[in-house]
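Could you put together the complete structure from these sequences and hints?
Read off the chains here:
There are 2 protein chains.
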Amino acid sequence: MQRASIPTKAQLKRWAKLTAAKHRQQEGLFLAEGGKVVDELLRSGRPLDALLVLRERTERWEALLARTPAGAGVYQLSAREWSGLSQDKAPEGVMAVAVAPAPVDPEGLVEGQGPLLLLDQVNNPNNLGALLRTADWFGFRTVLIGAGSVEAAHPKVVRTSMGSLFHLTLIEGVDLGSLLPVLRDRFRVIGSDAGEGIHPHPCPAGTALLLGSESHGLSDELLAMTHERWRIPGGGNAESLSLPQAAAVMMYECVKPLVGGR
Amino acid sequence: MQRASIPTKAQLKRWAKLTAAKHRQQEGLFLAEGGKVVDELLRSGRPLDALLVLRERTERWEALLARTPAGAGVYQLSAREWSGLSQDKAPEGVMAVAVAPAPVDPEGLVEGQGPLLLLDQVNNPNNLGALLRTADWFGFRTVLIGAGSVEAAHPKVVRTSMGSLFHLTLIEGVDLGSLLPVLRDRFRVIGSDAGEGIHPHPCPAGTALLLGSESHGLSDELLAMTHERWRIPGGGNAESLSLPQAAAVMMYECVKPLVGGR
Chain B
0 MQRASIPTKA QLKRWAKLTA AKHRQQEGLF LAEGGKVVDE LLRSGRPLDA LLVLRERTER
60 WEALLARTPA GAGVYQLSAR EWSGLSQDKA PEGVMAVAVA PAPVDPEGLV EGQGPLLLLD
120 QVNNPNNLGA LLRTADWFGF RTVLIGAGSV EAAHPKVVRT SMGSLFHLTL IEGVDLGSLL
180 PVLRDRFRVI GSDAGEGIHP HPCPAGTALL LGSESHGLSD ELLAMTHERW RIPGGGNAES
240 LSLPQAAAVM MYECVKPLVG GR
Chain P
0 MQRASIPTKA QLKRWAKLTA AKHRQQEGLF LAEGGKVVDE LLRSGRPLDA LLVLRERTER
60 WEALLARTPA GAGVYQLSAR EWSGLSQDKA PEGVMAVAVA PAPVDPEGLV EGQGPLLLLD
120 QVNNPNNLGA LLRTADWFGF RTVLIGAGSV EAAHPKVVRT SMGSLFHLTL IEGVDLGSLL
180 PVLRDRFRVI GSDAGEGIHP HPCPAGTALL LGSESHGLSD ELLAMTHERW RIPGGGNAES
240 LSLPQAAAVM MYECVKPLVG GR
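As given, the protein sequences belong to chains B and P, one line each in that order.
Heads up: the first sequence runs through residues 0 to 261, numbered per numbering that gives the first Met the number 0.
Heads up: the second sequence runs through residues 0 to 261, numbered per numbering that gives the first Met the number 0.
The hints are simulated quantities; they were obtained by calculation from the structure and are not laboratory data.
One or more hints might be untrue.
As the list claims (entries may be wrong) - Here are the computed lysine-lysine pairs in the DSSO-like style, where the Cα-Cα straight-line distance is at most 27 Å:
hint	chain 1	residue 1	chain 2	residue 2
1	B	K155	B	K35
2	P	K21	P	K35
3	B	K88	P	K155
4	P	K155	B	K155
5	B	K16	B	K88
6	P	K88	B	K155
7	B	K255	P	K255
8	B	K88	P	K88
Structural data, given as structure tokens:
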């Protein structure tokens, strides 16, 4: 294992700034906390700037730290230094300073990389994290996140995604209203509609699944640009399904041809 | 509308005690906060002891308060009094003192009331609330909650369920290890197993769907008593689906014959 260093004050200050969205965007770096999250980052092979470990937990994370790629530093932090960066009341004691991936042009997307997931106005970080974890489970490889959604590098998104965000190509800040007319020539666009729609069904190749926020659903403008609308049949009294659960059902049904139906 | 009263100190003290599980169980009452939750309680026709409203929000909730059943009091509380009962930082300002339903004997359950949902060791209140909301959506009418799970009257369960708990028959504190040998003669028992199992499929009448906690899954002892095991096919990198999302997929697939497949 690479020997752990003591961070300088300047480094600590730089990392602490990453708790704010503005600085994450300026620096192109974000904090990814927790054993599972760091493990997935390392498995993904994506670049990282540094691995940080809480001094008294160093031994626990030795195996993880041993996987630090060349060029990334390993730093031991005191409990006090840790608390300036951590989101957790009972921290596990390991965190990566991850490098944000280079932006991808959504207009360049073509069929052939599995279905697309398109998200409009997902403002709740726990919902976005849950959606990314589910997308990763069902083999969606690319997620387009509409402008006005929470950022994927938000600590709660990173945590709730259980590191799944490192296995996905995420395209953020997308103007879905402008992009859909382009995408709909290359993908069959399916929109979720709590009001009316056909039942979910297995999807052909080249599908893009478009979901809206839990409170507002998709706008009429976006729904008008879809090829079909899906509504999950219920039968009970609840007024709606939660967004992460509706999304799981739709992704499950959509990818059946890819994972082998029964 | 029934005229709102000013509560006595004794009433306020009694309601405040309902924030603790011990007192909820002793009194057979629990607090159900929020407009949506109270609306579902009133729609369900279940008994309630009182409706409470934050004084400055009385006008906003007039239509809801007008539906208070005979015999239940309506009380206006000051912001300070409210804060002793409320779970919310930005309270909506309406809350019911709901009456816990009489216990149901799980050994008396017979086929014919839709599928059963059986939950083992669900300790996370947000997960339990989400499961109840989903069960209600998919027309499950009866949920058996294993001993050691969080109580259904926990404020976070009530809130996350969006009031769906008022539309379900909930049987709590169930010893699933003792009950399953009885139930499996009357119901086809399906257990969720992250490790191995067949793909979910539409269920015949008389099905009981058994789910475990997110972290531990079902014990080998319980799994051994099922008729079949289900595993949701994925195809991606995520290690697992979250419990509420896996549950939504299984319930969706299970009830297809009831709600009309495509």
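Each hint, compared with the structure:
no.: 1; hint: B:K155 - B:K35; in the structure: holds (14 Å)
no.: 2; hint: P:K21 - P:K35; in the structure: holds (26 Å)
no.: 3; hint: B:K88 - P:K155; in the structure: holds (20 Å)
no.: 4; hint: P:K155 - B:K155; in the structure: holds (19 Å)
no.: 5; hint: B:K16 - B:K88; in the structure: holds (19 Å)
no.: 6; hint: P:K88 - B:K155; in the structure: holds (19 Å)
no.: 7; hint: B:K255 - P:K255; in the structure: holds (16 Å)
no.: 8; hint: B:K88 - P:K88; in the structure: holds (19 Å)
Every hint, counting from the list given before, is met by this structure.
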